[in-house]
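A.B. asks: The chain contents come next:
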Amino acid sequence: MSLNIIVLVKSVPDPKTPPTLKVDGSLDLKNVKIVVNPIDKYAVEAALQLKERYGGKIIGLSLGDHDNIDIFREIIAMGVDSFIYIKDPDYQRFDTLQKSYVLSKAIKKIEKDLGRVDLVLCGVESSDTNMGVLASQIGEWLEIPSISYVDKILEIKNGSIIVKKIIEDGFITLRSRMPVVLSIADTGYEPRIPSLRDTIMARRREIPIWKTSDLGLEFREIVLKTVRFKQIESKRLGKIFRDEDVDKMIDRFFEELKRDGVSLLR
Amino acid sequence: MPWDFEFTKEQEDLRMVIREFAEKHIAPRIIEFEEKRMIPNEIIEGLAKLDVFGVVLPEKYGGLGLDPITAGVILEEIVRADLTFSLAVAYLVHTSWGYIASKYGSEKFNEEIITKAAKGRLWIGIATTEPQAGSDVAGIKSEARKEGSYYILNGEKAYISGIREAREQFPDGGGHLTLVYTDKTKKHRGMTFFYVPMRSPGITYRLEKEFGRKGWSFGSFAMENVKIPEEYRIGEEGRGFYIAMEGFDHARAYIALANAVGTKRALEIAAEYIKQRTAFGQPIAKFEGVQFQLAQHWAEAEAAYNLAYKALWALKKEMEGKINRFEVTKICAAAKYFAVTTAKKALDDAMRWMGAYAYTEENPVALALKAVKSYDWAEGALEIMLLIIAREVLGREFIR
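Line by line, the protein sequences are chains W and E. First residue of the first sequence: 1, per our numbering; consecutive thereafter. First residue of the second sequence: 1, per our numbering; consecutive thereafter.
Rather than coming from a laboratory, the hints here were simulated on the basis of the structure. Fair warning: this is a prediction, and the values are worked out from it, not measured in the lab. Errors might be hidden in some of the hints.
No more than 25 Å apart at the CA atoms, straight line, and that leaves these computed lysine-lysine pairs for DSS-like [stated by the list, open to error]:
| no. | chain 1 | residue 1 | chain 2 | residue 2 |
| --- | --- | --- | --- | --- |
| 1 | E | Lys286 | W | Lys235 |
| 2 | E | Lys9 | W | Lys87 |
| 3 | E | Lys49 | W | Lys51 |
| 4 | W | Lys57 | E | Lys49 |
| 5 | E | Lys24 | W | Lys33 |
| 6 | E | Lys9 | W | Lys30 |
| 7 | W | Lys239 | E | Lys275 |
| 8 | E | Lys103 | E | Lys60 |
| 9 | E | Lys24 | W | Lys16 |
Whole structure, please, built from the sequences with the hints as guidance.
C.D. replies: Given below as structure tokens:
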């Protein structure tokens with residue numbers, strides 16, 4: 001068996017140094033460091049482990065509007081076979097449906113050269129918008145199944161895949177036919193750190209840049225509009241519970257959380 | 001001279017690789033290094049997998065063939081994560097002496113030893129010091145005599161780093177570039193360098209309980225009729241002293257950088273602390289007495305950092321044949337002297353600002369202070385650094 005895998009990788013503002021807000025409520029992206037969405041590396045790791053187990057080819061794919069393609073070299077250094085970047089100057093204006101539409105068209109184009117794509121993997125969400133909808137939208141565009149919040153891919157056999165998926169209060173094992181789109185959580189895999197040698201070699205690799213106009217797209221109207229961003233202030237209350245029975249203190253702790261509007265699973 | 005303080009994109013990429021590993025796997029475990037007096041195997045294996053032990057070794061023998069500046073970038077990240085300096089010792093000794101070994105070693109030696117060193121299967125150290133001879137290298141007593149295609153070595157080496165690791169921890173062991181006399185009558189012109197595997201029959205060793213940087217062993221070994229193949233001779237007979245001096249320049253440049261970076265990191269930690277901790281109704285950081293000390297140490301650490309990179313740059317130029325040996329020695333000695341003296345003062349003050357909180361074996365600033373004390377003498381005493389600088393500035397005729 002040999003798998004053709006596409007891993008979707010998003011570029012995001014470095015979560016360690018998030019962008020500040022402009023006076024008009026828009027994001028000040030000028031001095032922001034762009035990095036690979038950290039959780040996407042778990043999807044890359046999942047793909048690499050599948051390749052090691054079943055053989056095949058991994059293609060990294062990203063959509064954005066910046067020129068800093070060097071950030072994707074880390075993904076190449078991790079071991080993907082090739083990487084394609086789709087650049088569109090209007091990217092910031094795209095809503096998620098448009099982004100997933102462009103990516104699904106690119107996947108179709110890759111399929112023409114590569115043959116059938118068996119798996120499309122992505123991280124469960126991006127660190128900038130945290131929408132978590134890409135996998136299901138790509139699945140819809142490509143008319144194939146999708147499973148989100150995958151902890152681990154357990155097995156691939158006879159054209160179907162078995163995965164361990166995270167649900168509210170535990171895990172569930174699901175089987176799907178392939179091709180399938182999976183969003184991978186940051187729980188079941190540990191992304192590898194590329195070696196110095198692979199990092200140097202990745203610098204020498206070419207990253208083809210596609211334009212959205214190469215993909216034969218018919219654009220829908222923009223349905224999602226960003227009105228403005230708002231900075232959420234966080235403050236430590238430093239509340240200490242003492243002089244009580246431990247169980248009572250825990251109950252009080254949860255009561256107070258609830259009263260402050262924190263939603264709890266149980 | 002065209003001058004640019006930026007690192008290349010490649011160097012920055014490599015920095016991020018090591019930073020990621022160091023933050024994830026090294027920083028959380030440094031107290032364990034001290035307590036167990038060893039670096040856990042999985043950290044050594046992890047660094048080996050990343051090619052950290054082959055950075056400057058020739059590509060022909062499996063290394064990356066990178067320059068000393070790039071090796072410095074990697075060292076920076078190792079030191080920032082591990083202020084005990086245990087991993088810094090592991091890396092900088094192997095990097096310096098591994099390079100020297102590959103440069104002067106025979107083809108057979110390179111194929112047998114350097115290929116393994118580059119993969120981190122084997123560790124290379126340095127053994128010049130003896131119980132009666134440290135900075136006074138010519139005072140050594142160990143000797144070698146030739147028998148057929150072997151040399152027979154006898155003597156004792158003291159205060160040596162990495163004996164345990166080279167004997168027991170690295171999968172293919174390791175050894176030390178060991179300086180001995182092959183002809184005592186010729187004094188330093190009669191010294192020869194050998195690669196002595198620590199697993200060789202005839203080696204016995206003893207480990208010391210060192211004061212700082214406890215994660216990397218430190219001890220003595222004795223050689224009793226240790227048989228070393230002639231291919232393990234590093235350089236010509238009689239050239240050992242000169243090769244050792246060249247190797248010391250490499251080690252001193254890396255030591256300078258480690259001290260400068262360690263100081264900068266410790267100052268960051270201390271600055272965070274004094275911004276939080278209050279005394280007499282205000283954060284300690286608001287007292288100008290503390291501010292001025294911090295600013296002075298920061299300025300000196302930054303100068304030490306730049307001088308350390310100048311030393312690494314000089315080594316790179318020497319590799320390219322564009323600078324003379326004595327100039328390199330002078331810059332490396334100055335870099336080590338300045339960085340170590342700066343580090344000791346800065347770390348002492350930083351520890352004082354942090355008060356009793358810093359006076360534990362778990363405080364990284366305190367651990368760094370203990371570590372940098374070793375550089376009063378390691379790779380040449382500070383006074384020797386001053387003698388070298390004076391010799392090169394004034395001319396040899398003014399040196400006794």
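A.B. asks: Could you run down the list of hints and mark each one as holding or not?
C.D. replies: The hints, checked one at a time:
1. E:Lys286 <-> W:Lys235: holds, 23 Å
2. E:Lys9 <-> W:Lys87: Cα-Cα ~22 Å, so holds.
3. E:Lys49 <-> W:Lys51: holds, 20 Å
4. W:Lys57 <-> E:Lys49: holds, 23 Å
5. E:Lys24 <-> W:Lys33: holds, 21 Å
6. E:Lys9 <-> W:Lys30: Roughly 20 Å between the alpha carbons, so the hint for lysine 9 of chain E and lysine 30 of chain W holds.
7. W:Lys239 <-> E:Lys275: Given pair lysine 239 of chain W, lysine 275 of chain E holds - Cα atoms ~22 Å apart, limit 25 Å.
8. E:Lys103 <-> E:Lys60: holds, 12 Å
9. E:Lys24 <-> W:Lys16: holds, 15 Å
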